[in-house]
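Here the protein sequences come in this chain order: A and B.
So the first sequence is numbered by the working numbering: it starts at 1 and just counts up by one.
So the second sequence is numbered by the working numbering: it starts at 1 and just counts up by one.
It is possible that some hints are incorrect.
Stated by the list, open to error - To list a few chain B residues with every Cβ distance to chain A over 10 Å, as calculated:
1) Q85
2) S88
3) E97
4) A122
5) E221
6) D285
7) N337
8) K365
9) E366
10) E371
11) T382
12) G385
13) E478
Unchecked claim - One-sided and incomplete, this derived list gives chain B residues near chain A with beta-carbon spacing under 10 Å:
14) G222
15) L323
16) Q326
17) I364
18) F504
19) R506
20) S508
Read the hints as simulated data drawn from the structure, not as lab findings.
Note that the Cβ used here is the ideal one computed from N, Cα and C, for glycine as well.
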Amino acid sequence: MSKSEFAVKSSSLSWPDGLKGAIPLQVVVPVVATIGALLIGLLIIAITGGSVSEAVEAFWDGMAGSSFNIGSSLNRAISLGLVGLGFIFANRANLTNVGGEGQIAIGGMFATAMALHGAGSLPFGLAFIVPLFVGALAGGCWGALAGVLKAKRNTNEVISTLLLSFIALPLVYWSVESFHLLRKPISDVSSLPESPEIPDATKLPLLFPADGSSPLHIGLPLAIVAVIVVWFVLRHTALGLKLRAVGLNEMASRRAGLRASWLIILAMGVSGALGGLGGAIMILGQQYYLTSDFSSGYGFDGLVVGLLSRGSAVGVVIGALLFGFLRSGSINMEITAHIPSAVVLICQGLIVIAIAGSAILMNRKPNS
Amino acid sequence: MALLELSGLTKRFGSFTALDNVSLTVESGEVHCLLGENGAGKSTLCNLIFGVHKPDAGVISLAGETFHPAGPAEALQKGIVMVHQHFSLVPNMTVAENLMLGRSGPKLEPRIVIDRMAELAAEYDLRIDPHVRIEDLSVGERQRVEIIKCLLGDPRLLVLDEPTAVLQPDEIDALLAICRQLVDRGKAVLLVTHKLGEIKRIADRTTVLRQGKVVETVKMEGADMQSLVRSMVGRDVRSPGSVLAATIGIENQNEADSKVVSMLSQDRTVEPALQLSHLTYNDLDGVTRIDDINLKVMPGEIVGIAGVEGNGQTELGLILAGLLQQASGSISAGGKNLDGCSPEEITAAGVGIVPEDRHAVACIKEMSVEENLFLGSISQFTKFGFVNRPAMRLAARELMREFDVRASGPEIPMSGLSGGNQQKAVLARELTLDPLIFLLAAQPTRGLDVGAIEAVYSRIRAASESGLGVLLISSELEELIAVSDRIAVIYRGKLVGELSSDSFSRESIGAMMSGHEHV
């Protein structure tokens with residue numbers, strides 16, 4: 001067979017053009033989905049008799065009305081982004097970590113414990129670095145647990161990570177309910193089941209301490225570094241290549257000599273560690289004490305951020321900012337305009353459906 | 001008037017033209033063979049006739065009327081039936097139940113099917129027990145059920161797509177006899193194949209397809225087989241090597257290549273490249289898939305495993321690759337025990353594997369050629385964890401040139417390569433393992449065209465001549481005979497006999513493949 005005949009064959013079989021055409025759509029669809037969903041949200045408010053102008057004003061104010069609100073929105077985006085990053089990291093190995101909520105909870109709990117017991121007296125930045133590290137480590141172990149189950153027993157990680165979350169959340173509740181664990185001693189002002197405030201030294205330094213009004217802390221640069229590192233690892237390292245191989249075809253990867261079990265555990269561990277870091281940052285950055293429900297859906301929103309990003313670290317950043325600002329806006333809308341934040345949750349749901357649905361449509365192969 | 005007439009059929013898939021202005025006629029009462037290599041467009045043509053795809057241009061006419069089936073149902077209604085390469089039978093239902101599926105007209109009852117089967121049995125000698133379950137039938141018998149299914153409605157044209165690929169030699173004979181009977185009763189048969197030997201035995205006329213175009217249509221009476229080979233392969237094959245001759249199923253005109261058994265394999269002090277002792281494997285249902293296999297492959301030796309597919313070859317391949325762990329008995333390569341070793345340990349011990357399932361095991365089709373080539377040895381291009389892509393690409397280019405892997409570049413996904421080039425890439429990866437003392441090649445030529453088959457075998461041979469022990473599992477008996485130094489026959493997980501190259505005979509191996517012990 002001559003060379004030219006082969007050339008015809010190979011060129012006919014590789015169809016990268018179809019993929020190239022889809023790239024702009026990946027940008028267009030989320031933007032349209034977001035705008036459309038927000039318009040539907042406004043429609044719902046109008047139909048149910050709310051004041052649209054009041055709602056928009058409160059919403060905007062909550063998102064970015066002041067440097068405090070912008071800082072809060074960004075702080076929210078940090079944790080969402082870290083969970084989202086964790087999601088795409090595991091997803092590179094075709095693992096679906098839906099346990100961000102539990103990993104946040106475990107990370108936050110251990111970070112609090114570390115901050116309250118021991119880290120406060122450490123010099124320099126170690127007072128907050130050590131709790132952050134411990135939080136990430138704890139979240140990583142929590143995630144790796146699902147990885148071990150997957151690698152050794154082929155347990156579906158969607159189910160195991162979800163169920164591990166149902167264990168993690170009561171664990172946090174237990175810790176703040178028990179005086180011998182993390183619960184604050186009963187004082188005259190309060191007996192709520194929560195931990196005492198962490199020492200000042202363990203709080204994350206603010207980015208603009210001189211300003212005084214912005215709660216934005218050094219979690220932001222930390223998260224940016226995490227984004228770059230994850231992007232780099234997935235894109236340019238042997239580890240990223242191996243994770244991708246195992247995700248695409250575990251059998252063939254093992255045949256080629258990759259240690260698939262180890263890679264699966266590692267992927268879930270790193271994924272959980274990013275979630276745990278997100279939880280630790282929530283406590284050390286803005287909340288300063290542990291409550292039983294401090295994770296309040298960040299894990300699930302972070303999961304959605306990861307899902308919508310379609311494996312891209314840049315996508316995670318955009319998604320995290322979107323959801324962080326939406327969350328801030330909805331909280332303010334509820335407080336000042338008395339419009340339930342559920343409206344924004346509905347909008348978030350619509351965005352998810354629109355983007356996920358369009359992904360299915362885009363991936364559908366043209367019928368010959 | 002021709003029963004079926006195709007004129008100017010063209011079919012494109014994207015930018016790829018699968019069929020280009022194809023015209024041919026099939027008469028009632030003839031066996032018309034469609035000859036061509038893999039990828040020549042044979043299956044696409046069948047799918048157009050059967051209504052699975054629609055042509056982009058051209059006309060199909062059936063007994064003089066324009067015929068453009070909207071789907072298989074319409075084709076069936078007009079009396080066109082097709083036996084596909086892969087059977088569509090429900091394994092845990094009986095023959096009669098299967099025959100009733102899809103034909104649940106108001107009148108059809110089991111009795112009617114069974115009576116019709118008796119008629120067909122009398123007419124065509126197509127005997128099969130209507131009450132036996134499909135899963136208890138051999139592959140040949142299952143195909144007979146497919147043919148009976150086609151004949152139930154008294155069709156005019158029977159299309160058989162590569163029907164002999166799954167059959168043993170005696171079953172092929174029976175199938176060809178049935179084809180002859182069908183045309184003797186005025187039906188038309190369109191037989192798709194890439195085996196010249198079969199065409200010689202059965203065809204009245206043959207149309208040769210190459211790259212979607214009709215090269216020629218010839219009457220087989222007094223036809224020159226050499227010119228058919230030339231038409232099919234697209235080049236002059238004056239002295240086909242034994243492998244090529246075996247692949248396309250013709251007698252080799254030359255002296256058989258003398259098989260040089262390496263001196264190493266005679267030397268008893270050398271460790272065998274592979275030794276299996278009492279290898280046994282039971283699957284999850286407790287069925288014995290591999291039954292006490294003992295086998296030695298010496299360095300420099302090519303040992304073939306012949307057998308009808310599904311007799312344990314797949315399991316044997318997976319066990320040797322370390323992907324099935326629960327086998328008992330022992331495996332060693334070059335004197336090193338490999339029991340319970342993981343795939344990466346087996347690779348490190350010098351065992352190369354060309355897996356049977358190219359898409360699921362051999363390569364990751366979504367990843368690039370270079371990534372597939374170096375996935376297991378990525379550390380050679382890695383510094384501090386970072387992959388040095390330019391170095392990897394350079395090495396990939398070098399390896400692709402050496403193994404003649406034709407692709408527009410090492411960065412394109414594996415799925416963009418033809419099957420033959422994918423296989424050459426896999427071979428390149430496995431044959432450059434260091435160390436390498438044993439190679440398992442499981443069905444290495446499945447789905448490949450003639451040129452690629454030659455290339456694969458010449459690589460394997462060259463490697464064996466330099467001292468590599470090779471175990472070659474294949475259901476292509478002719479290829480095994482052409483390449484192997486020894487052939488062992490596997491039947492229901494057991495090695496039932498072994499022949500050395502001086503005593504190979506198609507008949508005795510065929511007999512062993514159907515379960516007769518070697519005498």
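Hint check results:
At the 10 Å boundary, the C-beta of Q85 of chain B stays outside the reach of chain A, the nearest C-beta of that chain being 19 Å off. The claim that S88 of chain B is not at the interface with chain A holds, since no C-beta of that chain comes within 10 Å of its own (minimum 20 Å). No Cβ of chain A approaches the Cβ of E97 of chain B within 10 Å, the least distance being about 32 Å, so the stated non-interface status holds. At the 10 Å boundary, the C-beta of A122 of chain B stays outside the reach of chain A, the nearest C-beta of that chain being 42 Å off.
In this structure E221 of chain B is separated from chain A by more than 10 Å, as the shortest Cβ-Cβ distance comes to about 30 Å. For D285 of chain B, the non-interface assignment is confirmed: its Cβ lies about 18 Å from the closest Cβ of chain A, beyond the 10 Å cut-off. Consistency note on N337 of chain B: stated as away from chain A, and its beta-carbon is indeed over 10 Å from all of that chain's, at 19 Å minimum. The claim that K365 of chain B is not at the interface with chain A is violated, since a C-beta of that chain comes within 10 Å of its own (minimum 8 Å).
The non-interface label for E366 of chain B is inconsistent with chain A: the shortest C-beta to C-beta separation is roughly 5 Å, within 10 Å. With a cut of 10 Å on Cβ distances, E371 of chain B falls inside the contact zone with chain A, its closest approach being about 6 Å. Distance to chain A contradicts T382 of chain B as a non-interface residue, since its nearest Cβ pair spans about 5 Å, not more than 10 Å. Distance check on G385 of chain B: its Cβ comes as close as 5 Å (rounded) to a Cβ of chain A, failing to clear the 10 Å threshold; non-interface status is violated.
Every CB of chain A lies more than 10 Å from the CB of E478 of chain B, the least distance being 20 Å, so the non-interface label holds. Hint status for G222 of chain B: violated, given a least beta-carbon distance of 28 Å to chain A, over 10 Å. The criterion of a C-beta within 10 Å of any C-beta in chain A is met by L323 of chain B, whose closest approach is roughly 6 Å, and the hint holds. For Q326 of chain B, the suggested interface contact is broken, since its CB lies about 14 Å from the closest CB of chain A, more than 10 Å.
Given the 10 Å rule on beta carbons, the hint for I364 of chain B holds: about 4 Å separates it from the nearest Cβ of chain A. Here the hint on F504 of chain B is broken, as its CB sits about 29 Å from the closest CB of chain A, past 10 Å. The interface hint given for R506 of chain B is broken, as the beta carbon of that residue sits about 28 Å from the closest beta carbon of chain A, more than 10 Å. The closest approach between the C-beta of S508 of chain B and any C-beta of chain A is roughly 34 Å, which is over the 10 Å cut-off, so the hint fails.
Checked against the numbered hints listed earlier, the structure breaks hints 8, 9, 10, 11, 12, 14, 16, 18, 19, 20; every other hint is satisfied.
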